[in-house]
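Chemist: Listed below are the residues making up each chain.
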Amino acid sequence: MSNFFSALGDIFTNESLYRNAIIATVVLLFAASGEVVAEKAGTINISLEAMMLAGAYAAAVGQGRAGVWGGLGMAAIAGLVVAGVQANMSHRLSADQFVVGLVLNVLVLGIVGFLVGSNEPASHIVERTKVPVLAEVPLIGPALFDQPWVLYLVYPLVPAIWFLVYRTRWGLEVRAIGEDPNASDVSGLSVNKLRRQTIYLTGMVAGVGGGYFLYARSGRFEDSLIGGRGYIAIAAVIFGGWTLKGTVAGCVAFGLVGSLVLTIPSLGYQAIDPAFLAMAPNVVTIVAMTMFAKRVRQPAALARPFIRGLK
Amino acid sequence: MTSTHDDHVGGERSSPPAVELIGITKHFGQIVACDRVNLTLRRGQIHGVLGENGAGKSTLMKVLIGLVLPDAGEVRLHGRTVQITDPVNASAHGIAMVHQHFSLVEALTVWENVALGDVGRLDHRHIRRRVGEISEHYGLHINPDDRIADLPAGMRQRVEIIKCLRRDPEVLVFDEPTSVLSPSESEFLFAALRRVVTEGGKAVALVSHKLPEILSVTDEVTIMRDGRVVQSGSTGGTHASALAKAMVGRSVVLRREHAAFGVIETDGDQPVPEVAAPRRPAATEPALRLIDLSAIGRDGRVLLGGLTLDVYPGEIVGVAGVEDNGQRTLGDVLSSLANIESGQVLVNGVEVATGKAGAMAKAGIAVIPEDRHDSGCVLDFTVAENLFIADPDRVSRRGLINMATMRAKATQLIEQFSINCTGPNAPMWSLSGGNQQRVVMARELSHSPKVLVAAQPTHGLDVGAIEYMSDQLRNAAVAGVGVLLISTELEEILDLSDRIVVIYNGRIIGEMPKSEVDIARLGLLMGGATSDATTTIGGSGD
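Taken in sequence, the protein lines are chains A and B.
Under the working numbering, the letters of the first sequence match residues 1 to 311, in that order.
Under the working numbering, the letters of the second sequence match residues 1001 to 1542, in that order.
Quick caveat, the hints were computed from the structure, so don't treat them as lab data.
You may find that some hints are simply not true.
[Unchecked claim] The calculated lysine to aspartate or glutamate pairs, modelled on EDC-like cross-linking and capped at a C-alpha distance of 20 Å, are:
hint, chain 1, residue 1, chain 2, residue 2
1, B, K1245, B, E1213
2, A, K193, B, D1086
3, B, K1210, B, E1467
4, B, K1356, B, D1391
5, A, K193, B, E1213
6, B, K1245, B, E1467
Note that the structure is a prediction, hence the values are computed from the model and not measured.
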């Protein structure tokens, strides 16, 4: 038993546990902070995965030509392109948003796989930048403030999204159309246009998130880089009960579990099969979702297309 | 959107009217919704637009607020011809509509809803203050920080009105504003409306099919029928039966109106006149027995608290009560849509399994559901499909529907119940509300049921359709069906029932035969108070 506790102590005092947890959390945050806006407006944006992957690939290609900032810009554009398809298919042509999302995920994976084979991307890792003073805090200091600088972009992003949703007219309209599109329409809001805008926003933010993940994590682009994190980000939004605060908590929880999966074997603890551990994030996701899904109230018009005259 | 209409105030009488609709014509396919309709709205006046469902009054109003573009005709505001292309454009012209079904987002607060549809920076302090000012000015008291979901219908309508007034419109359109309100809420609404008209100098159009409302509130009235204006003039010089006649194009027996006025004027000491009421036969066995029904909602709320009730063949039992006292659950249980905690349902002495899909219908309980769009019919199916959807066996063999038989039988029912449609293949949505209700009625009665449950059967229907439905219920009773009429409209209950019971908090707390109706006691019971020692109610008032 004492072995078990010393092992726990080992694991939870390990600096790289927190470092990896933050890296994993932040990629979810980029995706989920956009997703929560789209969902508040009434779209379950399944193509989040495709947006991130497209962003990561564009970041890989763009860095070589225009540096990291250029790469991030291209990542945003790549995410926006995927978002353009999702938004216009589901909120202009009223195609089923899930079908469109799933098709995009498969399609983008295929395209990226094909392109990667033809031009070999090099290493893209961005070196760490230490924030003075803050990085000296034990354990979480280095994890939060001694990271590649692209990670720091998420710190202003989350409050900015909060302000956008809860303090601006646009945010009020977004919340209204996700709850009652008919009433919003009657009030003079352009429901489908607003929904498209939320998806564009999600696409850009998720694209940047994909780019960040490439630069901060491995530096090497593969088509498995995102590996289902788009879906986990969607789960984080549900876990968070469609609030931004809850979504952040969800991202942290899923990020921490993901990091444990890496840290436990690397410290030499082999009691649990690494392959079994790798399943943990998904199991946690399912358990969390069944626990929380019933308790919280989702936007009333979530996943329902808006067509005038139809209820 | 600040309008600059202040220069129009004063000297109004001689200036051109606020709104003139001239020769408005609108076709929907082959149907003429509006046929060269003229309508004039003046400042400082309430103009009633009266008509049956499908008379074209809603279309006309939609033209005014830009939801429908007319095929022909002209819209003039203050004498100037304008093109109203969409609701935003209408709002810019100072025209606002208070909708029949509220345009409020329930999850948002009052002030957030008021701010919806504006442009520019979101200044919550300013909007809150403005809500306060308007509510003060017109006596529409409301807390700007309340969530809509927590407010009752009357309060929601106040928000709706404030939302309109905030943009300072010159013309306000009210579409069936009292359909969801209690009598006292309606009274309050009309008092506020009067203030809006006199103090604010607005022009108001009030769309309604309630005659007493039009008579007591409006200054002028326009009556529409089949897309045309059949009468227009000052309200003062007319009376209820003249309006009703113009509206339906024939004399209707205004039993309901008499009953309504009887309630108000005689205070109950004069019983409502009997109109061909079926006599209760000396049947010993009830057609329907409900014994101690209890049901609890998913949120733990008591929906039915030991409801016991018998309905004998050939009688109409009216369940009176204020909305949300278990009526809906009672209807759901009898449609096999809700599960009960305990209790029994017996049809002709045989117990029926509750909560088992279709069991009630099989046992002989026909239901005209409360919400015909939700559970009464499938709007995208044809009339014929809707007529046989509950029991396709009657038009099919070995699981294959015989289309010819279905059409033939449907045609027969369409004739028998005088359903006004283009044929058995007409899509259900193309029918007016009254005709949709006839389809539901035809389907349910063609099963030769033992019990007929009618939940709010005339809700949202016009005078002619109400008369028809009432006759059908009476005929069913005469034919020996036990009829259970669940309604929140007391006039309807008084008009039709042989026996009246009062439901309160999911229980029957009082009963009286029609001959002994005591309005005062009925009112007390509906409010949950007992008027005599023999009746007790659960829960003490605090």
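Chemist: Does the structure break any of the earlier hints, and which numbers would those be?
Modeler: 5
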